[in-house]
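Number of protein chains: 2
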Amino acid sequence: MNKKGLSILMRIRMRPNSAAKLSLSPLTNELNQTQMNSQVNQSASSNTEREFELVRASMNSAISMNKTEVLDAVLNDFSAGYFNLDHENRRRLLLVLAKEYDLNRTQVRELIKQYLGLEPPSVSGENAQSSGLEEEGLLSAFYRTERNLRHALNPVYEVLFERLNTHPGGLKFLSSLRADILSILAEENIASLRALDSYLKEKLSTWLSPAALELHQITWDDPASLLEKIVAYEAVHPISNLLDLKRRLGVGRRCFGYLHPAISGEPLIFIEVALLKNVAQTIQEVLWDDPPILECEATCALFYSISSTQPGLSGINLGKFLIKRVITLVKRDMPHITTFATLSPIPGFMQWLLSKLASQSNLAEAEDMSQSSANGSGSTFWENILEPEEEKAIMDSSAGIAAGKSGMEVMLNLLTSTNYEWTNSAELLLVLKPPLMRLCARFLLQEKKRGKALDSVANFHLQNGAMMERINWMADRSEKGLRQSGGIMVNYVYRLENIEEYAQSYFSKGHIHASADLRRYVKPLEEHEERTD
Amino acid sequence: MNKKGLSILMRIRMRPNSAAKLSLSPLTNELNQTQMNSQVNQSASSNTEREFELVRASMNSAISMNKTEVLDAVLNDFSAGYFNLDHENRRRLLLVLAKEYDLNRTQVRELIKQYLGLEPPSVSGENAQSSGLEEEGLLSAFYRTERNLRHALNPVYEVLFERLNTHPGGLKFLSSLRADILSILAEENIASLRALDSYLKEKLSTWLSPAALELHQITWDDPASLLEKIVAYEAVHPISNLLDLKRRLGVGRRCFGYLHPAISGEPLIFIEVALLKNVAQTIQEVLWDDPPILECEATCALFYSISSTQPGLSGINLGKFLIKRVITLVKRDMPHITTFATLSPIPGFMQWLLSKLASQSNLAEAEDMSQSSANGSGSTFWENILEPEEEKAIMDSSAGIAAGKSGMEVMLNLLTSTNYEWTNSAELLLVLKPPLMRLCARFLLQEKKRGKALDSVANFHLQNGAMMERINWMADRSEKGLRQSGGIMVNYVYRLENIEEYAQSYFSKGHIHASADLRRYVKPLEEHEERTD
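Residue numbers (the numbering used here), protein chains in the order written: chain A, 26 to 558; chain B, 26 to 558.
Careful: at least some of the hints might be erroneous.
To list a few chain A residues with every Cβ distance to chain B over 12 Å, as calculated [to be verified]:
(1) P145
(2) S250
(3) A383
Computed cross-link-like contacts, DSSO-like style, restricted to lysine-lysine with a CA-CA straight-line distance of at most 27 Å [what the hints assert, rightly or not]:
(4) B:K349 to A:K228
(5) B:K345 to A:K349
(6) B:K458 to B:K430
(7) B:K458 to B:K345
(8) B:K228 to A:K226
(9) B:K138 to A:K138
(10) B:K197 to B:K226
(11) A:K228 to B:K228
(12) B:K345 to A:K228
(13) B:K349 to A:K197
(14) B:K228 to A:K197
(15) B:K226 to A:K226
(16) A:K228 to B:K226
(17) A:K349 to B:K474
(18) A:K345 to B:K197
Hints in this document: simulated from the structure, not taken from any laboratory.
Backbone N, C-alpha and C fix where the C-beta goes; we use that ideal spot for every residue, glycine too.
Given the sequences, and given the hints that come with them, work out the whole structure.
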């Protein structure tokens, strides 16, 4: 990298480690720092009504003008104008787009009437040769009306999306537009805007088909403008300084990204890989252990971070083909690598556990107060999620930091104590490890939502055909690691020979493949009554 | 280029110059030689019924299986099986696809019924804030039904197309599939197959959006596997040998292509450019004049060939953005280039002229025979397209090669004489030049179809914003040049400052911008009564 590149790179404002707003998992697409900054800048100065009307007018031109090259200027005007709007005016404009540029419903009803009046083709497919010219003519008319109806059911704003997609920088702009739409929808549910979002998402999915994505190995020789994106977007284990970045691209490490020709110099998603002797148990040994082993001695490629860079592409699974293609690539270059595994966060664990502990403690309290009531039996909703020996150990050792009437209440108080104080006490670590590891295994293996793993990262890897191999105690002691999963991380393993079978059985039956070690944490009985709420 | 590359390149079977089957214009996408060869190979051995049924079964699996990674194998089976089918069985299979995998029309009618029963959203856009939660709920249901109806109107075979598009090599396969469909439709019109084609074309247009295309300068340093494609697909001025190819990539020449990441090592369309002092008048000086001038002395970039490589992408305008982007690129690298022009074929001229001459000669003959009939006035359809002095000159000099009762009949016979004998006679060249140049200008400037230039290449450049600058006598003396346009070629000029205005007025009013020199060929009177049949 030349001097200019370096100097640019060193001016990057690194993301703070205390990342309260950072993405919680490789695939949640929260607004990232860069995005937020730019929004703040824009909303600082609010727009005049005239500014809004100008952008609205350029949007109208972009939709209604003839499709010639004249459009370029109009589309530039529109996107520049849009970026200049503050949050409230963007919201207004997007509502105008969603409501005033959706379907022509009079035309739709007219076409439906026509369509219902026509005779559909018979399904007796094979004897087409015998049908006369006249019949082919009638059929043509039918297919034409059907196509017209299909087209009429496309909202008018499709034109804007299509035109932006063929416009330089337009795809990136559409992705920003959708990020705004998602952030509005997160605050309030507006049916027309949701319809707009769902349509735009469909379009983006087609345009960002894996066929149009290029897999690129990112190295220290890449332009600084690309590398600064890696620093800015790394969502799992933030990159703290230049040395850290260089290490992640150096010996014993790999970084691959998907690039789209229309969004140049910026991967849509990237994955970081460490070449190791064994599947790592803690993120510390991946990020900080020095020096790396000789690459020729590595037998394991460990995926330790996947970050997507475009909040506006949320819900579009770009990662699916990425992992498979990276495995193929690594295997081709380094046949001695036989294990492909991840060291992944469990972003949903603590949230699930704390709400479980809180609601059960409340139930217990309510139970307690109504003990003398008519119905003597306990609430059917109440469940002590602690084993008797865990309960006992917790009650015995809690003194000093947290108190409570039951093991669950004490545990809740311990886990929510300031600065994760429990992690500084060897005794508490010893006491809390068994229930936390067991409950984490239960969370990963048994807690589901619509038949799929409740944890988003688990769902991602399982649908890609991975199996759950191992959970690791105190594997990520960063603030984020402790907050999300009590410091526990999980290894998913991709076995090339099983990827397709596992993906298929997870997809069709929600079956989660896990190692015997992991399954041992959960009671065989419980294993069969999988939760699907 | 290394030795291996060269040896591969030298094994290429060059396309014959006597190219009866070659593309007639840069943008017609006839089946090319390569394609035809592979088809011949396949049809050599006809398939058993069992082979057909196997491919049909794999097609069915590819459409109806769950969307998981298992698909890869199925899609590979299907495409390999398809390529192995002979022409008749491909036709059968495509008909099965078109008829048995189109819409579920029962579902469509069901959804239409539901849809018509719902209240559409009011258009009074602005007061969305005031609408209650309940109303948003009703609206959501409406939008959902509308979306479901839109989805239901997509044929079932959409799934196959979508899956192939995300499959390695699938986009290329879809392009081959469409080439087959087009060749079947050229023989017989089958409504369901035409509907399939129109749907596939729509899909391919989205996937091949210019946003996903990369502009690549093709040089002698490119892999032989790419360069052989240039040799194989060059449709305008066939590349005769290795030296010819090297010259077209060498000093004073440029070659640019659009690459799609999913169709690797093969441009979808490419354009050849010569750097010259002046706008060339004949193709001979571009292809054969040696040595080229110093690049720093060039003031003109001449586009002398545009070829598209995929017959299956016929009708998808890939060239539009190409010319504009190439101009921008050349201008950036070489600011001393101020003129951007083409030297283009006029593929439709002779066809138009000969049919005009033939029909007018017939009319004249019929007129002759019925001279004594009741109605004394001539047929209103009859028109002597020759000027009196042209008629006289032709009648005076025709002796020896062709005879006829009128100038038009003699001209028809001269132009269709074996081996273009008229081009070997200095006298005939002199006599024919005035009417041919004048009628060529009339053809280019005035003959239209649905308000657009009748000539396909003219229509292409005009819609890109070019103007017609000059027609050149004996500019292409190749067999193809004489057959298509009597050896005449035309220069289109792109003036950066006018491109958008010209494209716009051609698009909206069919207005053709032409130089005064060119307009002088046609009578001012005729200029205003533009033909639109």
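Hint-by-hint comparison with the structure:
1. Listed as a non-interface residue, P145 (chain A) fails to keep its Cβ farther than 12 Å from every Cβ of chain B; the least gap is roughly 5 Å.
2. Residue placement check: S250 (chain A) keeps its beta carbon more than 12 Å from all beta carbons of chain B (closest about 18 Å).
3. In this structure A383 (chain A) is separated from chain B by more than 12 Å, as the shortest Cβ-Cβ distance comes to about 28 Å.
4. This hinted pair checks out: K349 (chain B) and K228 (chain A) have alpha carbons roughly 26 Å apart, not beyond 27 Å.
5. For the hint linking K345 (chain B) to K349 (chain A), the alpha-carbon distance of about 36 Å lies beyond 27 Å, and the restraint is violated.
6. Restraint check: the Cα-Cα separation between K458 (chain B) and K430 (chain B) comes to about 21 Å, which is no more than 27 Å; the hinted pair holds.
7. Taken as a hint, the K458 (chain B) and K345 (chain B) pair is broken in the structure, with Cα atoms around 33 Å apart against an allowance of 27 Å.
8. Proximity of K228 (chain B) to K226 (chain A) is assessed by CA-CA distance (about 16 Å); at most 27 Å being required, the pair is judged to hold.
9. Proposed proximity of K138 (chain B) and K138 (chain A) is supported: the alpha carbons are some 11 Å apart, at most 27 Å.
10. For the proposed pair K197 (chain B) and K226 (chain B), the alpha carbon gap of about 13 Å is at most 27 Å, so the pair holds.
11. Simply put, K228 (chain A) and K228 (chain B) have alpha-carbon atoms about 11 Å apart, close enough for the 27 Å limit, and the pair holds.
12. Between K345 (chain B) and K228 (chain A) the alpha-carbon distance is near 22 Å, which keeps this suggested pair within the 27 Å criterion.
13. Restraint check for K349 (chain B) and K197 (chain A): the C-alpha separation of about 21 Å stays at or below 27 Å, so the hint holds.
14. Our distance criterion of 27 Å between C-alpha atoms is met by K228 (chain B) and K197 (chain A), whose separation comes to about 21 Å.
15. Restraint check for K226 (chain B) and K226 (chain A): satisfied, since their Cα atoms lie roughly 22 Å apart, inside the 27 Å limit.
16. For the hint linking K228 (chain A) to K226 (chain B), the alpha-carbon distance of about 16 Å falls within 27 Å, and the restraint holds.
17. At most 27 Å may separate the alpha-carbon atoms for a hinted pair to count; K349 (chain A) and K474 (chain B) exceed this at roughly 51 Å.
18. Between the alpha carbons of K345 (chain A) and K197 (chain B) the distance comes to roughly 22 Å, so the proposed pair stays at or under 27 Å and holds.
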